[in-house]
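Here is what each chain is made of, one letter per residue.
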Amino acid sequence: MKKKYKKVYSLAHQAGYRNYTVRDLVDLKGRKKLTQINVITPEEAAAAELADIDLLITGADRLKEIREAAPNTFLTCGIKYTEHESKESIARKCFELIELGVDSIHTNSWNLNFIKYISEFNIPLQGHVGFVPMKSTWTGGVKPVGKTLKEAIKVYEDIIELENIGCWAVEVECIPADILAEISKITKMLTISIGSGSKSDVQFLFAEDILGYHNDSSKTPRHAKKYRNFDKIYQDIQKERIKAFKKYQTDVEFKKFPAKKHSVLADQKELMKFKKLITDWNNGNK
Amino acid sequence: MHKKYKRVFSINNDLGYRNYTVRDIIELKGKRKLTQVRVTTPQEASAAEEAGIDLLLTGPGPEFSKIRKAAAKTFMTVGVPFIQNPSKRDATKKAFEIIEAGADSLMCQNWNLDWMAHLSKFRIPFQSHVGFIPRRTTWIGGIRSFGKTAEEALELFKDIKDIENTGAWGIEVELVPQNILAELTKITSLVTISIGSGNAADAQFLFAEDILGQSKIQFPRHAKKYSNFDKILQNLQRERVSAFKEFKSEVKRNKFPTKKHSILLEKKELLNFKKFLKTKKASN
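Residue numbers (this note's numbering), protein chains in the order written: chain E, 1 to 286; chain B, 1 to 284.
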């Protein structure tokens, strides 16, 4: 199925093409299951657009390159709450990201008053509930949230709060599949599942989990699926780099590189003249 | 040949290991041909160190500290762009910052000679650049070799002498006739580093991206490809696309996520939650 991009104005009033507007996504709730991927490099972003992934999410660090690499895919960008001590500061950051071409902002762990304030500008917002890594000390560490009625009610209330503020979507992380199935039915927001089963409007994964590579020591989470082994592929590529550099080192050592075809020569006549000029220069300097 | 690293103090006073000190490099002039590679990523840097490349060159960008860590034991020179440092004081300040980040030497490309001499007063090792210098090509009429006539060669000689007098240890010589650089190498105390200037220099220099075959621009005539990374990276990108397509197709056909990727709930808890939702609905 060939995706048709539609002509749109971005939030920064730039004319361009996108796979969806926010309105399209809201209208698709309950009709079509969508995919979202977190990308951190332009290569991942470009690959995701080519693979017709519906939604992308990324951080602010490499936003410009990532937007350029996937210019036609609905792109959400996260803002870390610890970098903005006031709603004015967070608004300024939102405006900056919007100018770089984002279609929506992810409000991971923000103060609810800040979310309300940004919503007043009609900026499309995606929230986050359930297991929220930066807030997980409140839910008892790295573990599912919502297995008891009390916890499930809290997730429900968090979602209703975001809905009332006007968020268009909510990432729901590591809650029981059955709970999300119920909640998806009653909220107007699109639910985005990661580790919360298949009954959501959108399925979300990290590109690094799909590709199977990890910086640092983190491992593929239980709820993710590895579709490739990029750790191994990167190791092989690094071996190829080492091999190429070794060949170069040996070539230089054994005078195989550079060869004549890599060099230029001065005419014999000019060379002799140059040697004489140097001799004169040396004599003049004595 | 296994490279032996020696214990050193870096110029920012960090104790560590290096393949060479600047003194070693100067003493090897005329005795042993060295290699230098310009790297732009930590992967290239660590591969170069593992391959036993003698000298590395890189830029001062945000990647530098990662590159230094990736090749912690190789003599590393870092470019200090003059255009972002509009005074001797600014350039010196930037040089100090790069030294603090772990550089063994600086590349003073296009620098004012006076600034280089100033840097020398701090005993900071640096190399410079003559011949074809990309930013200065408007003075020589565009992209071409430099030094084919005796007059141009003399000009080169004088440039090298000037740089020698500032206290540099090395000089990159770009696109100069091989036989001219052979003469220059004999008469300068600087370690000459050839790129496109033939094989008679003290060190041979290439860009990692040319060695690997992933040049973004037209491949230079003087470089040699030792691998085909353009192709390798294209294949890698194809793998990314196909992995993402598989993910999408599995989500669409409800094959992912499955039970083993999900958290299950006791029937009792689910019924309680449904009851709660019903009372909510009734109260609205």
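It is possible that part of the hints are untrue.
Said to hold, decoys possible - Heads up, simulated PhoX-like pairs for lysine-lysine below, C-alpha to C-alpha not over 20 angstroms straight-line:
no., chain 1, residue 1, chain 2, residue 2
1, E, Lys260, B, Lys259
2, E, Lys154, B, Lys280
3, E, Lys32, B, Lys275
4, B, Lys255, E, Lys150
5, B, Lys225, E, Lys199
As the list claims (entries may be wrong) - Quick partial rundown of chain E residues pointing at chain B, CB under 8 angstroms, derived from the structure:
no., residue
6, Gln14
7, Tyr17
8, Val26
9, Leu28
10, Gly30
11, Arg31
12, Pro42
13, Glu44
14, Lys147
15, Ile210
16, Tyr213
17, Ser263
Keep in mind the hints are simulated off the structure, nothing from the lab.
The beta-carbon is built from N, C-alpha and C at its ideal position, and this holds for glycine as well.
(message) Flag every earlier hint the structure violates by its number, smallest first.
(response) Numbers 1, 3, 4, 5, 6, 7, 8, 9, 10, 11, 12, 16 - these are the hints that the structure violates, sorted from lowest upward.
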